[in-house]
Amino acid sequence: MQAFLDGCAKSVLEGDADAAEKLAREALDKKYPPFEVIEMGFVKGIKEVGRLWEDGTLFLPELVMGAEAMKRAMAVLHPALAKSGARPKSLGHVVIGTIEGDIHDIGKTLVATMLSANGFEITDLGADVPVVKFVDEVEARGAGCIAVSALLTTTMSGQRRVVDELKKRSLKGKVKVMVGGAPCSDEWAREIGADGYAGDAVAAVSLAQSLMGSRD
Amino acid sequence: MQKHDFLETIKRRVVLFDGGMGSMLIAAGLTQREIPEAWVLSKSEKIGEVHAAYLEAGAEIITTATFGASRLKLGASEAGKSLDAARVNEKGVEVARKALERSGKRERFVAGDIGPTGLFFPPVGALKADEARAAFREQAKALAAGGVDLFIIETMYDLREAVEALRAVKEVSNLPAVVTLTFDRKPRGFFTMMGDTTDKAVETLLKEGASVIGANCTLQSGDMIDLAEEFRFLTDAPLAFQPNAGRPVMEHGVAVYKQRPREFAADAVKIVAAGANAVGGCCGTTPEFIREVHATLIHGK
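So the sequence lines, in the order shown, correspond to chains G and Y. Oh and the first sequence: position 131 is 131 in this note's numbering, straight run, nothing missing. Add 1000 to a position in the second sequence, counting from 1, and you land on the number used in this note's numbering.
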């Protein structure tokens, strides 16, 4: 079993989506507990990818491929997980997008991919998203968190307006807001009343976990 | 007109590039709903004023405001969608040439600016090599038709995309091409976002026929000194570096580049000492920075 789990982790670490999917199916055939396969196998792989990315050993292509492998394995295991009665570790629903006036997509997409690979439900609104749309979507979907990306010093004020819109609708506090993007910082998050700042996709996962962990 | 002697000049002595364009235009009233490329057509006098300010500060190469004027990049934004890429590029050169003529300065050059498409090759995105090449070819053709003296392909985060842009330039023109990637400093050294190393970048770009290679953006001037040393260790080819004015910090909700022109200029001299044949500034730099670099390069200190 341990060798099998190591293989699962390795498939994600190597960004081999086909292998990851095949291992996930094999786990079902062999009736391995899906929760364990995810937590002790694939998740270990994606965590290692994240660690190696943060220390500059892996780069964007490897990160994306690792997350893709993770997603493919999860797609196979998720239905079985729900059936098994083990509580799927869905940490909550995040509505994510790049703020209006800003077309920078990649950082946001990366965060969305990593959040999804780590078990969050994601609604990705894309780039150039109006302030109101973030809050409309979070209300419509009953999501617990908004992640707003801004890559330009000229568009980051939109992040503040997202927080203000939540206040206006009395959702502040109930819905968490996390911000990211080159010009942002912890200080900026505090100043605008957001719940946190993440400097990269890996940090965004930790932040989302700590912000939404208490909801379950 | 001195059309072809940019390469001779850069082999003979250090050449000074200009500084940032975007923040100058924001100061001149560019709103977040607009892009510099649109101003090339609608408010070309504002673009011309920035060129003039850099020439007056001592810049010898002025860079057209066409960084984001490839069809792929323009097509990705609301503000750029309706713009005719070829027209923006031709007009961008015309504006720079006019500013140069008006300045009356000699031995100055207009560099046709080509930036990344903003799209990504697999596995990150779905950009295809021939698609990128075609967009760059169209942009390079228009820049050449407008009458640039050289091309600068810059801020490339993927070596593959830089190569497509360089090949496109070489398909339509014999003019020199400066190619600078953007590197970040990691614990294990300098890498592009895609993980390209300096030695791979140097080898590939020279093999593909770049006249001048180097780096711009992302790094502040202090880190750029080390990167310049690394490049010089790897090659004898002409090198160009254009760092940012430090890292932006937030002040009262506004991003500010805190580095002062004098400090930047002191580092620019060290970048030259490390082996650069050309220096200039990227994000956060202004004509004051270029003026200071110019003075420091001449007078030392």
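Hints are computed from structural coordinates only; laboratory data are not their basis. Remember, it's a predicted structure, so these values are computed and weren't measured experimentally. Keep in mind that the hints are not guaranteed to be accurate.
Stated by the list, open to error - Restraint ranges, calculated between C-beta atoms of paired labels, are given here: (1) G:Arg141 / Y:Glu1229: 50 to 56 Å; (2) Y:Glu1171 / G:Lys31: 31 to 37 Å; (3) G:Met1 / Y:Ser1082: 38 to 44 Å; (4) Y:Gly1075 / G:Asp6: 54 to 60 Å; (5) G:Asp18 / Y:Glu1171: 53 to 59 Å; (6) Y:Ser1082 / G:Gly193: 15 to 21 Å; (7) Y:Lys1098 / G:Gly142: 55 to 61 Å.
Claimed, not checked - Rough simulated footprint, nothing fancy, chain Y against chain G, three-plus residues with beta-carbon under 8 Å: (8) 25-34; (9) 62-70.
Virtual Cβ for every residue (Gly too), placed ideally from N, Cα, C.
Verdict for Y:Glu1171, G:Lys31 (Cβ pair) under range 31 to 37 Å: violated, 59 Å
A range of 50 to 56 Å was offered for this pair. Does it hold for the Cβ distance of G:Arg141 and Y:Glu1229? holds, 52 Å
Cβ-Cβ distance between G:Asp18 and Y:Glu1171: within 53 to 59 Å? violated, 37 Å
With a Cβ-Cβ cutoff of 8 Å, does the segment 62-70 of chain G contain at least three residues near chain Y? holds (count 4)
Quick check: does the Cβ-Cβ distance between G:Met1 and Y:Ser1082 fall within 38 to 44 Å? violated, 60 Å
Indicate whether the distance between the beta carbons of Y:Ser1082 and G:Gly193 respects the range 15 to 21 Å. At 37 Å between Cβs, range violated.
Hint check for G:Asp6 and Y:Gly1075 - Cβ pair distance inside 54 to 60 Å: Since Y:Gly1075 and G:Asp6 have Cβ atoms about 45 Å apart, the given range 54 to 60 Å is violated.
Range hint compliance [Cβ, Y:Lys1098 to G:Gly142, 55 to 61 Å]: holds, 58 Å
Quick check: the segment 25-34 of chain G, covered by chain Y? Criterion 3+ residues, Cβ under 8 Å. violated (count 0)
Of the hints listed earlier, those the structure fails to meet are numbers 2, 3, 4, 5, 6 and 8, in rising order.
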